[in-house]
Amino acid sequence: MEALGHPPLNSLSSCRRRYQGQQHCPRLLGTTRCLNYSEPSSVKCRPFYGTRHRGLNSIRVQAVEEDYEVRQMKDMAAARKRWEALVREEKVKVLTPREAGYAMQLSNKTLLDVRPSTEHKKAWVKASTWIPIFDVDSRFDAGTLSRKVTNFLMGGWWSGVPTLSVDGQFLSKVEEKFTKDTDLIVACQKGLRSLAACELLHNAGYRNLFWIQGGLEAADEGDLEREGPIPFKLAGIGGVSEFLGWTDQQRIEAAKKGWGYRLVFSARLVGVFLVADALIIGAQQAARYLQEIRSH
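Mapping of the sequence shown onto this note's numbering: position 147 corresponds to residue 147, and the numbering continues sequentially without gaps.
Some clues are possibly wrong.
Unchecked claim - Label-pair restraints from in silico Cβ distances:
1. G258 <-> Q291: 45 to 55 Å
2. I281 <-> T96: 47 to 57 Å
3. L244 <-> Y102: 32 to 42 Å
4. G282 <-> G143: 34 to 44 Å
5. G271 <-> L153: 23 to 33 Å
6. V149 <-> R88: 39 to 49 Å
7. I230 <-> R88: 28 to 38 Å
8. M73 <-> R251: 27 to 37 Å
As the list claims (entries may be wrong) - In the DSS-like style, the derived pairs of lysine-lysine whose C-alpha atoms are separated by at most 27 Å in a straight line are:
9. K256 <-> K122
10. K109 <-> K121
11. K109 <-> K91
12. K148 <-> K126
13. K180 <-> K81
14. K177 <-> K190
15. K257 <-> K180
16. K122 <-> K109
17. K148 <-> K74
18. K74 <-> K93
19. K122 <-> K177
20. K91 <-> K74
21. K109 <-> K180
Note that these hints are calculated values from the structure, not bench results.
Where a beta carbon is used, it is the ideal one built from N, C-alpha and C, also for glycine.
Please take these sequences and the hints and turn them into a complete structure.
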């Protein structure tokens, strides 16, 4: 990558979140293992009954989790090497967001948006085609609910990242719309899932592939013709961090727009504290009231 004049893809493996069940981290997508993911049998630990074995059971579960995390890191390292090879050998050409905009206008190239619906509905490129490689898991079976709870407790409440599942029909959907000789510009929010999609598409026989480095988040206003309510840079954020304005993207926007932009989030933060105080006071009053009822 450095030889090509582009930064290395070291940032692609920056996420260190633990995985449980079929939970996918949106920042670490693209390995063949992830794309054809099934829960490894080693994760299914049989519980030990009786107090004598609780300590041993805890040690074994911890060892399995650590081993699973190590395998995930190895998978990501292998994926990075494959992706770097695709770019280095020019099987996938690299474009900046601005170059992608010119390519769409002047060469009629097609932009394939592979982001999940939560990001796509906030902002999308005009005349692009949306086929997500991962999307929000809308199932409500026991396993899915367990993964959703795990995702929420592991930071989903803060980041707003939903539980995603792989779309097994991704390739077939692309093949229905585009022939193998179509010039495809593949894009996602940060550039990870689009690289994973490029690998799948190349293995399926597509040879005119272009990748937007840094994803749509790297686009400035005017680089690509945008539709949707908010800028591309803010389409990938959510949760409490977005509400309070504590994301890197919002800090950059605040630096550009000044104090008026910051005051909105400062007011929200004050509101959160006031609500929290009101809830605490209400809980204390309710406890006293119940105590008085019991004493009589």
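Going through the hints against the structure:
no., hint, verdict
1, G258 <-> Q291: 45 to 55 Å, "holds (51 Å)"
2, I281 <-> T96: 47 to 57 Å, "holds (53 Å)"
3, L244 <-> Y102: 32 to 42 Å, "holds (37 Å)"
4, G282 <-> G143: 34 to 44 Å, "holds (37 Å)"
5, G271 <-> L153: 23 to 33 Å, "holds (25 Å)"
6, V149 <-> R88: 39 to 49 Å, "holds (41 Å)"
7, I230 <-> R88: 28 to 38 Å, "holds (35 Å)"
8, M73 <-> R251: 27 to 37 Å, "holds (29 Å)"
9, K256 <-> K122, "holds (21 Å)"
10, K109 <-> K121, "holds (22 Å)"
11, K109 <-> K91, "holds (17 Å)"
12, K148 <-> K126, "violated (32 Å)"
13, K180 <-> K81, "holds (25 Å)"
14, K177 <-> K190, "holds (24 Å)"
15, K257 <-> K180, "violated (44 Å)"
16, K122 <-> K109, "holds (23 Å)"
17, K148 <-> K74, "holds (25 Å)"
18, K74 <-> K93, "holds (26 Å)"
19, K122 <-> K177, "holds (24 Å)"
20, K91 <-> K74, "holds (24 Å)"
21, K109 <-> K180, "holds (14 Å)"
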